[in-house]
Amino acid sequence: MTDSQIAALTACLSDPARLITNAQTVQRLSRDFYWYSPILKKQLEDKTADVAIQPTSVEEIRSILTYCHQQEIPVTARGAGTGNYGQAIPLERGVVLDLIKMDAIEAITPDGVAICQPGVRLGVLEAAAREQGFELRCYPSTVVKASVGGFLGGGSGGIGSIAHGGLRDFQTVRAIEVVTMEATPRVVLHEGTAVHDVMHSWGTNGIITRIWLALTPAVEWAQCVVAFPTFDEAFTFSEQIAVSEAWIKRLITTFEWPIPSCFTPIAQVTREGKSLIFFMIAAAQLEALQAAAIEAGGEITLAAPYTGLRTLPLLSDYTWNHTTLWAIKQDDTFTYLQCGFNPGTVRDQFAQLKAKFGDEILFHIEWMKNGTGTIIPGSIPLVRYTTEGRLNEMIDFCRSIGVGVANPHVNNVEGGGRYREDNVQLQTKYKYDPKGLLNPGKMTTFIAKEVIPI
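Its first residue numbered 4, the sequence shown is counted upward by one per residue in the numbering used here.
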């Protein structure tokens with residue numbers, strides 16, 4: 004990028020300090036947790052932007068995009084950088100548009116909808132919502148650092164999905180405002196089902212500037228850890244609690260041993276050789292859950308109140324994709340997959356995977372509700388990585404036995420398994436970013452400047 008281009012972009016800001024050229028800082032803002040994948044680590048480790056810009060208003064974003072469109076400068080949106088797939092890593096240099104300073108919670112409505120800017124941290128929103136009697140429907144294990152905009156742009160589900168489904172289910176996202184990448188950028192409001200035009204598209208078809216996010220009434224929660232001698236026993240008990248409507252729950256996570264051995268800061272709740280279940284359950288049901296677990300042959304290793312995101316130990320810090328992080332810290336040959344098992348045939352699927360791959364795959368189950376209301380054993384299994392070929396063999400075998408896989412080792416919207424078959428994201432990109440300047444290379448079905456009938 005030339006000095007004159009940098010000067011022109013600086014002029015778009017009320018404070019020139021919010022255009023960053025320091026190479027070390029720009030590199031940091033050009034990264035996320037892509038290195039969870041050894042394949043993406045190799046592909047993306049040398050990628051970086053030319054500059055990072057931190058806008059504080061829609062007006063500044065429109066000015067930046069107007070100039071970048073004119074000069075054909077790529078723009079890659081960034082939330083808080085907690086994603087795992089290289090969503091926010093610029094493949095063609097240009098500008099990283101860091102939205103973290105757009106962090107206002109504008110309102111929490113009486114009926115429980117948060118209206119906020121994209122840079123709001125999910126943990127901050129959770130705290131603010133609880134002050135008004137609400138809480139997030141679902142959030143990732145990175146809740147303290149992750150931003151609302153980043154979650155919409157590249158996230159899926161998390162803690163709370165057992166009750167409320169994923170982020171794209173049950174109208175959790177009521178509306179999204181985006182700025183387009185055109186000669187004269189527009190501010191476009193997407194409401195209802197139209198939010199899917201731009202959700203989970205990695206910032207390839209619009210810059211998110213305002214979000215209407217549905218909340219749920221707050222519950223007084225408790226945490227519980229139960230150890231079982233075998234994974235089958237742990238899975239069976241977790242399934243019983245997950246599928247029963249009698250239990251009020253926010254988190255049910257089941258770990259095959261030796262995954263719990265990676266949780267060194269909370270070694271006191273683990274038991275050598277035993278599988279674990281982590282629960283976040285309504286405090287009023289904690290005693291009943293303990294009794295049911297003991298009757299099923301489990302050992303209670305923790306039963307304690309949950310007092311918010313500063314609770315120690317905070318069990319959610321070891322669930323969802325934080326599980327992978329703890330494993331990699333212990334052994335950097337670990338990586339992961341994202342799977343969906345069939346509730347009716349899941350035990351047979353487990354058996355087939357173990358027969359073929361043995362301890363190359365370790366089961367980590369996240370119980371969740373899908374968009375039709377069915378409780379399913381979602382999974383983020385740990386995988387011992389040897390070669391890309393072996394990893395792809397595992398993915399192919401999973402799919403051949405009916406296990407869905409969203410591949411976290413590819414750096415595009417389509418390959419990750421979250422692309423919509425009706426192509427609304429692609430159609431939206433043609434409308435809002437006809438030159439293909441937003442996060443170029445991440446929507447592989449897009450062909451720049453091709454005219455597609457709308």
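No lab work stands behind these hints, which were simulated from the structure alone. All C-beta atoms in this analysis are idealised placements derived from N, C-alpha and C, irrespective of residue type, glycine included. Do not take every clue at face value.
[What the hints assert, rightly or not] The list that follows gives simulated cross-link-like pairs (lysine-lysine, BS3-like), each with its CA atoms no further than 25 Å apart:
hint, residue 1, residue 2
1, Lys434, Lys45
2, Lys104, Lys252
3, Lys44, Lys332
4, Lys50, Lys104
5, Lys148, Lys277
6, Lys277, Lys332
7, Lys277, Lys252
8, Lys104, Lys148
9, Lys148, Lys357
[Said to hold, decoys possible] Restraint-style ranges between C-beta atoms, simulated for each label pair:
hint, residue 1, residue 2, range
10, Ala294, Lys357, 53 to 63 Å
11, Lys148, Glu109, 17 to 27 Å
12, Pro316, Ile450, 17 to 27 Å
13, Lys438, Glu248, 25 to 35 Å
14, Thr28, Gly311, 50 to 60 Å
15, Arg189, Ala20, 20 to 30 Å
Going down the list of hints, with the structure as the test:
1. Lys434 to Lys45: violated (33 Å)
2. Lys104 to Lys252: violated (34 Å)
3. Lys44 to Lys332: holds (16 Å)
4. Lys50 to Lys104: holds (24 Å)
5. Lys148 to Lys277: violated (31 Å)
6. Lys277 to Lys332: Holds - the C-alpha atoms of Lys332 and Lys277 are around 21 Å apart, at most 25 Å.
7. Lys277 to Lys252: holds (23 Å)
8. Lys104 to Lys148: holds (13 Å)
9. Lys148 to Lys357: violated (35 Å)
10. Ala294 to Lys357: 53 to 63 Å: For Lys357 against Ala294, whose Cβ atoms are near 32 Å apart, the range 53 to 63 Å is violated.
11. Lys148 to Glu109: 17 to 27 Å: Once the Cβ atoms are compared, 21 Å apart, the range 17 to 27 Å for Glu109 and Lys148 holds.
12. Pro316 to Ile450: 17 to 27 Å: violated (50 Å)
13. Lys438 to Glu248: 25 to 35 Å: violated (50 Å)
14. Thr28 to Gly311: 50 to 60 Å: violated (32 Å)
15. Arg189 to Ala20: 20 to 30 Å: holds (29 Å)
When each numbered hint is compared with the structure, violations occur for hints 1, 2, 5, 9, 10, 12, 13 and 14.
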